[in-house]
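All chains, full assembly: derive it from the sequences and hints.
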Amino acid sequence: MQSSTVPLFPEQASSFALQVDLLYLFLTAVSAFFTILVSGIIIFFAIKYRRRSDAERPPMTVANLLLEITWIVVPLAISFVMFIWGAAIFFKMASPPKEAMDIYVTGKQWMWKIQHVNGHREINELHVPLGKPVRLTMTSEDVLHSFYIPAFRIKADVIPGSYSKMWFQATKPGKYHLFCAEYCGTKHSGMIGSVIVMEQSEYDAWLGNTKDSSLAEAGQKLFKTMGCVNCHSAQSDIKGPNLEGIYGKQVRLQDGNTLIADERYLRESLLVPNAKLTEGFPANMPAYQGLITEEQILQLISYMRTLTPVVTSNTPSKASTPVTQATPKPEATPAPKPPANSATTESKPSGSTPKSEPAK
Amino acid sequence: MSAHVIDSQVIVQTEHKEQENYLTAGYSLKSWFLTLDHKRIAILYLISVTAMFFVGGVFASLMRLELMTPQSDLFEPDNFNKLFTMHGIVMVFFFIIPAVPGVLGNFLLPLMIGAKDVAFPRLNLLSWYVYIVGAAFTMFTIVSGGVDTGWTFYTPYSTSSSQTHVVPVVLGLFITGFSSILTGLNFMVTIHRMRAPGLSWFRLPLMVWSIYATSIIQILGTPVIAVTLMMAGLEKVLRIGIFDPNLGGDPVLFQHLFWFYSHPAVYIMIVPGMGVINEVVTCFSRRSIFGYRAIAFANVGFVVFSFVVWGHHMIVAGQSVYSALIFSILSYLVGIFSAIKVFNWTATMYKGSISFDTPMLYVFGFQGLFLIGGLTGLFLAALGFDVHVHDTYFVVAHFHYVMVGGLVMAFLAGIHFWWPKMFGRKYPESIARFSMILIFAGFNLTFFPQFILGYLGMPRRYASYPDEFQVLNIMSTAGGSVLGLGFLLTAAYMIWSLFFGKEAGKNPWKATGLEWEKTTSPPPTENFFETPTVDEEPYNYANRDFTKDFNEEVKVGA
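In order, the protein sequence lines correspond to chains A and B. Its first residue numbered 9, the first sequence is counted upward by one per residue in the working numbering. Its first residue numbered 103, the second sequence is counted upward by one per residue in the working numbering.
FYI, nobody ran anything at the bench for these hints, they're computed from the structure. Heads up, some of the hints might be wrong.
[Unchecked claim] Computed spacing ranges between beta-carbons, pair by pair:
| # | chain 1 | residue 1 | chain 2 | residue 2 | range |
| --- | --- | --- | --- | --- | --- |
| 1 | A | F41 | B | I431 | 20 to 30 Å |
| 2 | A | D62 | B | F242 | 47 to 57 Å |
| 3 | B | E605 | A | D62 | 17 to 27 Å |
| 4 | B | S133 | A | T43 | 45 to 55 Å |
| 5 | A | E276 | B | A593 | 51 to 61 Å |
| 6 | A | Q304 | B | V423 | 23 to 33 Å |
| 7 | B | S583 | A | W214 | 42 to 52 Å |
| 8 | A | D62 | B | V291 | 35 to 45 Å |
| 9 | A | I92 | B | E632 | 57 to 67 Å |
[As the list claims (entries may be wrong)] Below are the BS3-like pairs computed for lysine-lysine, each with C-alpha atoms no more than 30 Å apart in a straight line:
| # | chain 1 | residue 1 | chain 2 | residue 2 |
| --- | --- | --- | --- | --- |
| 10 | B | K453 | B | K650 |
| 11 | B | K650 | A | K56 |
| 12 | A | K56 | B | K453 |
| 13 | A | K195 | B | K338 |
| 14 | A | K121 | B | K338 |
| 15 | A | K284 | B | K338 |
| 16 | B | K612 | A | K56 |
| 17 | A | K116 | B | K338 |
Just so we're clear, the structure is a prediction, and the values are computed from it rather than from any experiment. For glycine and all other residues, C-beta sits at the position ideal for the given N, C-alpha and C.
So this is what it looks like as structure tokens:
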């Protein structure tokens, strides 16, 4: 970055960087080999068989099946290596570790809004601790954007009306580019920022001095002020589904289908409640489309993720328990404590794999 | 009116002792604008696509000028966004897609198969008019303030956020699509129904196979983009929710539909160019093509596989891991067909008699650049790699290597090769070689640095960028000016040669093929004086005696 010479690689600052660079070198080596081979043959033929007299009559072309098969099979085999290698890295990129810490990103024309779990917010800057897996859950308020950190070798499109995820583990402290990679209008090239990787202790200090309430606390507040609590609690089970333990739970819908309540479903049910009604409940919830911001939705979802399932009916309202002390539960991602034991008791792997276990 | 035409015929024949050809068959505007002659329609296309190429080129030059400095200083970001959008739209829809089929396909297809014209000459003329109407909408958009969505029109930006002229341009492209469909239909029927006696499928020049494959893709794919753009237009005007999530739509659906056409469209662009390469490489090696059937069936492979790889444009757009895997492996399979062709063209040169006329130099250029373009396609099909370089300059460099390095090189090879046939005159050889070298060098200097820029992480469609990318951007702009100079020089000497070029004669390259051996340069309106018959394999150079004068033995009509 500082040197005046032209660099060939961006900085390697995540656990993916070296892997992608190695694949890049392999692809470049194979390509250079074939480019030099074919160009070399063309130049060699062009010189050796150059026309010396206009009367030359070259011999008939002889077909050669073996040659044809060779140059189909060999490139296929090499392509297959590229495919496997690329897919292997992609799988790692698509599988965030269970213990990854969550950070929420909202894109809008033309800025990145970041919310940390403890409520700390920043704009166009993302502070992350060194050596710790971080999972971003991202959405957009308006058009498509794409969250891109070249030094980490990762990007993901940020799509309005949907949540996209990506994860990384920073390996080198420093300040790196953050770009919007999907064209989004006038100031697309101004929708940039920095990712700042800090040592854990520095990060804790940086994160600690926030006056904001945590995401889940903010969500809890919203849950009360917006009146959600009136229908969605253990006591008022008639008006609306009890949301305790809703996150990651299998929900049976009125049309008989079931689905896992992930962020996407919870968001949809907030905005357009009647789209996928829970079995046994009337269509009486007002739609919140246009009445709530993407950031508030993320706060509410964070809150819902902390609601533990009711074990016995005489635990009145777990909703009031301090959020950070959330007991282990399926998909226990907000708390950084190792969720190993909880995963064994009621295993619900990442979001989409349905382990059928109907709610009631 | 007809008496006048006959008069002029008589004059031409008596005064110049030449028989009438399609160029001298009439001089009135009406004889051009209402012509049903496929060759004249080809000339109309040649003029229109060249004009569009220069319009697109001006946009590119302005864009490269802006990118010389990291700040956005020459243009407002809004104007820069319009520049790259209009560059993409003009180049893709009005130059690359119609260039080879519209110009060379129209001119050569009936000649190559020994027909008097295409199957539906009126439809052929209509195709050109439809193209012009579509182009007029686009030109209107440009003069009325432009459009800023990128040529991809991604929703919901295009339908809900952009304040520019999305609707007229979308309408223009909708209309232009019909030109593509009608041309494809016309060519398919022509190839099926109008081949000369003895011209079986495996005796066809491979250019005809290429045009056939292209036509299928045009007919199957273009309606999809037409309805997609129409839906986007409806959403923008009537607020019908299809793609915008705020209206209940799905923005990613647009990408699926868009790439379902636009990936096959890549083959609409490149396959006709590959067809040209077959004709030129055999002629200047004086060898029959190595692996005729392999190349012919590779075209079929393109048709089938080009329709099932669209998802590789959407690897980071949130599709499932498993669909990404399938699109990745299918993308590798489609790459094999390109590899087959490149290897076969190289093998064709083996033991040939190779000359270095300009068309052949363009084939060498094509081989080198298309190789790099194709191989970097393999980079992008590797999923874990694509995540990093998607939507960066790496992709920009890749598709310019394929589209400009591949198609434009092939187009120029073809234009130089058939120029004597089209106009009866030769272009100046040395200056043509010089400008080929300019274009080749300029191209590499423009686009090779962009691979590095992309890997470093510079996103595409950026009006301003961090300082450390400046050196590579300046290299790219410098290369762009060399490239532009090469194109201008080419246009200049080509126009010059129309008036001052040497008389070419019937077959200056001593090439095989009906268009060279069975008719004059330029050909008469009805193409042949008598219906040719075919009794040999294509590219039968081993059977020709090159000591003979190929320009004589012109069959003068009865």
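Status of each hint after checking the structure:
1. F41(A) <-> I431(B): 20 to 30 Å: At roughly 22 Å between Cβ atoms, I431(B) and F41(A) fall inside 20 to 30 Å, so the hint holds.
2. D62(A) <-> F242(B): 47 to 57 Å: Given about 53 Å between the Cβ atoms, the range holds.
3. E605(B) <-> D62(A): 17 to 27 Å: Taking Cβ atoms as reference, E605(B) and D62(A) lie about 19 Å apart, which means the hint holds.
4. S133(B) <-> T43(A): 45 to 55 Å: holds (49 Å)
5. E276(A) <-> A593(B): 51 to 61 Å: For E276(A) and A593(B) the Cβ distance comes to about 56 Å; the hint holds.
6. Q304(A) <-> V423(B): 23 to 33 Å: 30 Å Cβ-Cβ, so the 23 to 33 Å window holds.
7. S583(B) <-> W214(A): 42 to 52 Å: holds (48 Å)
8. D62(A) <-> V291(B): 35 to 45 Å: holds (40 Å)
9. I92(A) <-> E632(B): 57 to 67 Å: holds (59 Å)
10. K453(B) <-> K650(B): holds (21 Å)
11. K650(B) <-> K56(A): holds (25 Å)
12. K56(A) <-> K453(B): holds (8 Å)
13. K195(A) <-> K338(B): holds (22 Å)
14. K121(A) <-> K338(B): Given that 30 Å is the threshold and the Cα spacing comes to 28 Å, the pair holds.
15. K284(A) <-> K338(B): holds (28 Å)
16. K612(B) <-> K56(A): holds (21 Å)
17. K116(A) <-> K338(B): holds (20 Å)
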